[in-house]
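Following the hints, put chains B, C and D in place on chain A, whose structure we already have.
Chains as they are written, first to last, in the working numbering: chain A, 1 to 108; chain B, 1001 to 1115; chain C, 2001 to 2149; chain D, 3001 to 3509.
You may find that some hints are simply not true.
[To be verified] Quick list of simulated restraints, FRET-style, between CB atoms: (1) B:I1032 with D:I3469: 26 to 36 angstroms; (2) D:S3454 with C:F2080: 48 to 58 angstroms; (3) C:F2080 with B:A1075: 48 to 58 angstroms; (4) D:I3430 with B:Y1050: 49 to 59 angstroms; (5) A:A72 with D:P3404: 24 to 34 angstroms; (6) C:F2080 with D:L3393: 15 to 25 angstroms.
Everything labelled a hint here was simulated from the structure, so no lab data went into it. From the three backbone atoms N, C-alpha and C, an ideal C-beta is built for every residue, glycine too.
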Amino acid sequence: MGVEILTGQGFWHALIWLAAALGVLLLSLALWSMGRREFRRGTEAELPFVSGERVEDPKVGAPHLYWGFAEALRPFLERLRNLHSGIIGDYVGWFAVILAVTLLLLMA
Amino acid sequence: MIGNLPFVVCMILIALGLWTLLAKRNLIKLVIGMSLIESGVNLFLVTLGYVRGGIPPIYTFAPEGAPMVLPTPQALTLTSIVIAVATTALMLAFAVVIYRHKGTLDTRKIRDLRG
Amino acid sequence: MTVVVRTISRILLPVGLAFGGYVVMHGHLTPGGGFQGGAVAASALALVIVAFGAASLKGKKGLLSVLESLGGVAFAALGFLGLGVTFFANVLAGAGGLFGRPVPYGPNPGDLNTAGTLPLMNWAVGFKVLAGLSAVVLLFALFGGKDDR
Amino acid sequence: MSTHAPILAIAVPLLGGFALPLLARVHRRLRDAWALVIALFVSACAGYVASRVLSGEIWVYVLGAKNPAETLAPGGFPIRIMLTVDALSAFLGIIAGLIGPLMFLALIRFLPEEEGKTLSLTLAVLLFAGIMGMAYTGDLFNFFVFLEVTSIAACGIIGFRTWTSRAPEAAFKTMLLYALSGLFFLLGVAFLYGEYGALNLAYVSREIRGTAVDRLALALFLSGLLMKAASAPMHFWAPDAYGETPPAAAPLLVVNTQVSLYGLWRVLFTLYGGVLDRGVGWLVVALGLLTMVVAAFMALLQTDLGRLVAYGAVSQIGYMMLGVGVGLVALPGKPPYALVATQGGVFHMLNDAITVGLLFLCVAAVEWVRGTRDLRELGGLGHSLPEVGLCFLLASLALAGIPPLNGFASKILIYEGSFKLSPILTAVAILTSILLLAVFARAFQGAFLGPKVSVEKRVPWPLLLAMGILAVGLMVLGLVPGFFVEKMVGPAAEALFSRNAYLFAVLRG
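Just chain A, same shape as in the assembly (with noise of 0.2 angstroms):
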């Protein structure tokens, strides 16, 4: 009834994604039952993978998630931080370049 939607050169039915979604499932489970049962709970095998090192608390905090992506791009990052400067003539003068970008594509 009112489920698909025509999107040009295609079609997004939400229920039939959910079938396939049901078969996806279905199949993870018939494979996930013919695996090993003897998962040692307690044991080291629990513990977050910290690249090898001992952790005596080793709680991956949210900060350290993407510790290597954020580090990886440290130089754009920090620059987009400092764009953010919190002061007030930053942000009018950004206002300003779009005045003078919006004039320029506009006027000339």
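Just chains B, C and D now, with coordinates in the frame of chain A:
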């Protein structure tokens, strides 16, 4: 050129106000810069309605046959002034509260909302 | 402030309020109307605050906020008045009775009893602006103390 | 009474807002009930107006005329202020009508009692009135007045927590930038008034010939409204504003931003529809991409949950700009993909309002229970607040556009539409969605997973009720998007393109 001199003055006022916002660091001066821009825009609005040799657009005891200045821009300017009063009062109130917390009005030092 | 200033401001207060009322009342005839009249009256109140210090009017804050809300409610209600036809319809104009006398087009000597709901709106806005502006001045004067907004 | 529905949706909250302090003197409970009743009445009005308008006819309501439909004064000139509700403004009315009451439901219990709660509830009601006014008005100056009403009310709410030092700072900055954008918008209106002597949107749109002054006015409109809609280089106020306002009040602020975006579309499509050149469309698309990417990366760096969700909301604005921007670029030819992209952009407004509203209510719940929003100290709330955790997870997946949920339904339209224009746009949009998914997974892990933390305060039931309603809405929109696209979003997107219908409805009067 003399005809649209008022419009040039308005643009100068607005540019001056914008410059104040960019250059000045004191919160109160920013509010003053804002009121500069407001007066520039309001002046521009009022001068739009000017009719050469027109009298204020009021019928009470109006001389016969005199052309009248357009009343609509004046009404717009009135509303804009009312809004300007409200915005300025709100900004000044927050400036006072910021001063009470931080002890300074310098935008360079009021920066703990970064990142 | 010195006694001279206080006595002068005590004399000027009624004059200021009366002039503000005049400007509001003749809003639809001469330059003026709700906002300007209210501002004039609020300046008279501000004079009192300057002369007698903010503490004198401290107790009146509640009254001011009630007056402001009443002004706002009255203005919106006047809009609803015209709901029979359309919102803000000027039903009183030209229908006789209160502020209803029809007015000939063009220059005329100015007749107080015209322009329908406009004068009522002017009064509503006048009270609201009077209360609002004096509340702003009062609170800024009180800011020095520990009172919070 | 039903013939006056559009104006009632604006006048009743105005009247109610002014009356609120009086009722508050009578009794606290009465004030809360009054605010909720007004919000429900306004959403009922919005629903009624939408039901009539979405079936195709544009509803023109003239204030102060002899009869509501009499648009032209005798001289054939629209002299009075009029409300022109076409499908898109009705759609915005639905969004505001949906989010408004829920926000009041959550806000009433969330605000502490002694700190001027009456004032902030009054401001919230006036903000609601301003939003409805901006959505429904057909008059340029009237739009400016409501723009300013929402600015002042929003900044009053943002600066509610005067006992902290961050909220007044955020409020000052936001107010200054809002006032600045409003003034430049007024300058644009003044230029158009100077040239055509009229303020009515339809009349000016018919008269416009694209002279240098019109383009100057368009530049002013663009920069003013882009600032208010938190587009890329001018989005700096948004994280401060959404982050520092009481989180329960943030959903209506997001709707306020979206209504400013609607104002931008109204100016671009209807006012300048005839004389627009493609450069403007590409500018909007470019700024949309910039907003997406910048906000997503900044969300990655945040440690405060409120600011993180705020950056998420800003990046969603980028999606809407991309969607409708693609429609703008292809405006002259109006190929099919342009309509699909615009439908995506408009539908995303509704989805985003619900998703970000739900996220902010979850942040409100977390802050209510733990008192802090810093991800470093939060943790393990999932055990004690399972329903809040579920809502946060649901909303995060929807924000990132994961298939079964509503975010995906509108993003698929944006992807398909923008792909036809140029595949790079779609690539950037999809990559940003993935980045957003990563960011919100981190936020979820930070706040809700981890060892159990004992929590003594209970989340107030109105907050949970509002979150429940939004979560159900989220899933319904996700599973049955076709109904909404066909009934609401289709006519709304079509309304943007059908400028002549808008002109005909007003000017043939």
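Right, here's what the structure says about each hint:
1. B:I1032 with D:I3469: 26 to 36 angstroms: This hint is violated: roughly 46 angstroms between Cβ atoms.
2. D:S3454 with C:F2080: 48 to 58 angstroms: 54 angstroms, holds
3. C:F2080 with B:A1075: 48 to 58 angstroms: At 22 angstroms between Cβs, range violated.
4. D:I3430 with B:Y1050: 49 to 59 angstroms: 55 angstroms, holds
5. A:A72 with D:P3404: 24 to 34 angstroms: 32 angstroms, holds
6. C:F2080 with D:L3393: 15 to 25 angstroms: With Cβ atoms ~46 angstroms apart, the hint is violated.
Going through the hint list in order, the structure does not satisfy hints 1, 3 and 6.
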